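Please build the complete structure, drawing on both the sequences and the hints.
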Amino acid sequence: MKKILLFMVLIFMIAVPVIHLAQSYTVSITQIVEHPSLDSMREGFKDRMKEAGINVQYNVHIAQGNQANNVQIANQIKGENPDLILAITTPSAQAVAQKIKETPILFTGVTDPVAAGLVKSLMIPGKNITGMTDMSPILRQVELIKEFLPKIKTIGTIYNAGESNSVVLIKVLKEVCKSFDIKVEEASIANSSGVYQAAKSLVGKCDAIYIPLDNTVVSGLEAAIKVCRQNKLPIFSADTDSVKRGTVAALALDYYRMGLQTADMAVRILSKNAKPGSTPVESLQNLQLFINPNAAKKMGIAIPKQVLDRADEIVK
Amino acid sequence: MISLYAFMGALEQGFAFGLMVLGVYLTFRVLDFPDLTVDGSLPLGAAVSAVAITNGYHPFLAMSMAVCAGFIAGAVTGILNTKFKILHLLASILTMISLYSINIRIMGRPNITLLGQDTLIDKFMEMTGLAPYISTPILFAIISITGLIAFIWFLKTSFGLAMLATGDNPKMITSLGVNRDMMIIFGVGLSNGMVALSGALVAQNQGSADVNMGIGTIIAGLASVIIGETIFGTKTITCAMISAVLGSVLYRIAIALALGMRFGDFAFTPSDLNLVTAVLVIAALVSPQIKANVLGRRLRA
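Listed in order, the protein sequences are those of chains A and B. By numbering that gives the first Met the number 0, the letter at position 30 of the first sequence is numbered 29, and the numbering carries on one by one without gaps. By numbering that gives the first Met the number 0, the letter at position 300 of the second sequence is numbered 299, and the numbering carries on one by one without gaps.
Hints in this document: simulated from the structure, not taken from any laboratory. Because the structure is a prediction, the values reported are computed rather than measured. Treat the hints with care, as some may be off.
Cβ-to-Cβ under 7 Å is the rule here; a few derived chain A residues that face chain B [stated by the list, open to error]:
#1 Q71
#2 Q75
#3 M122
All residues carry an ideal CB built from backbone N, CA and C; glycine is no exception.
Okay, structure coming up:
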């Protein structure tokens, strides 16, 4: 009996300080739609928080692509009164930014946070909000395509004119291509079933197709790959998952790592009392090069040795 | 189960979409004209008002411009149907898909932010000094109840009565010397004017106008009309219209419940939301029938 008592007291003495040390936080997550890149940002975020030894309880909300739900989710989160809000994608971030003015908000996967009205400037965001931009490294992506096709004259691209991120990307793509003296041939679509037609319309008009980070086109990517195989037209993407599906290559942001880095920002805000308003918006510098030799062969294009040598992953 | 904020949020959205539901009620029930233009005219109202607000116009003026734009969009659908003899469903789909391109043209890009702009919500908040989660539902309730009263008044005028009859008995109305085509064009226009006004409110509430925000509007509108009808009844036209607005509020409360639902260890995943919402709506639809059946049996027994 005495032994048991002593044992209990010992456990109590050890457990009490442990309980006190492990402070627990609530983080509410809002995301417009479920989608592999967006989901891996969320997973990266959770994994890094666990690694950092921070005890977090999550409330995950996904609006299923419906913006009316998005606003309702922002209200729901206000009621949850979390320690931090993670907003994945532009519309989700805009809705919480409109509704919640005190709780720190971290956004991620937003291409142009200034144009979206989320922050005043990338260096000094102001208010209760900061985060990470996923602006594509388009300059380096076009440089990669030029390594494959040194004589490229025209580049074709497919995007959804209704996705604000894509519109920003195409604007940058045109500026970059202008400096390389490459013409850009655009095909815009309204939903993923339009991808096949759009890809066909580009055949004969360009030397390669570049797919930006566009949710609609990426969902219907197989159609474009099919057209490119039939017409020996190389297709490049801006994300690595698409290389696994059959594009030739991508120099891309790794969304999982983006989630990790967003979590680092969260740790600074939660446990080191950093103020979101004075924490600059970050971007991911570490790029990943994925290559699919099989796809290259089918589209009649050779992989330069120097590119193959520095690839992070060669898709089998 | 749902927090105060989520409940107030459901009220605010219910009223913001209330005008849209009235618009759907007008075409769907009064004119007997299934109108899908709304999926395009809701973002149209958002786009026009957002462009006007960001250019420094007073939110009231911006919202009136939205109403005009919505009216024109609806009238186009009406003209396609009556003058060019295109089936109403197809005519409205044609207007809806063209509005997608037009909305991007109006905004110059797919998304215009209203964060940091002086919207009607901010002005009302300054005026009343109430917290946003209380002042927004009050503001939206005032707007949609005003719209409701104006609409009820309109349907009691002789012009409104003619419109009511247009859907009920087109032959009679023509024999009475009323121009049926004009009634349809004006009615669908009026309906979409209300939908666009609703879009302007929604944009100010969500902090941005986005070209994709109209997706699913017609489904929400029809679900709200039907929920309102089954729960609050349709004895008189006034009663039916009040039911439509209350139906909109109930529909949003149903969604708030679906978003916040948890049963002990079992929790729905976010991807179940659509299913849960559908089940809640179905429950609202069938419960009166079940009640009637049970009562009927008891009476017979």
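To see whether the hints hold, each was checked on the structure:
1. Q71: holds, 6 Å
2. Q75: holds, 5 Å
3. M122: violated, 17 Å
Checked against the numbered hints above, the structure violates only hint 3.
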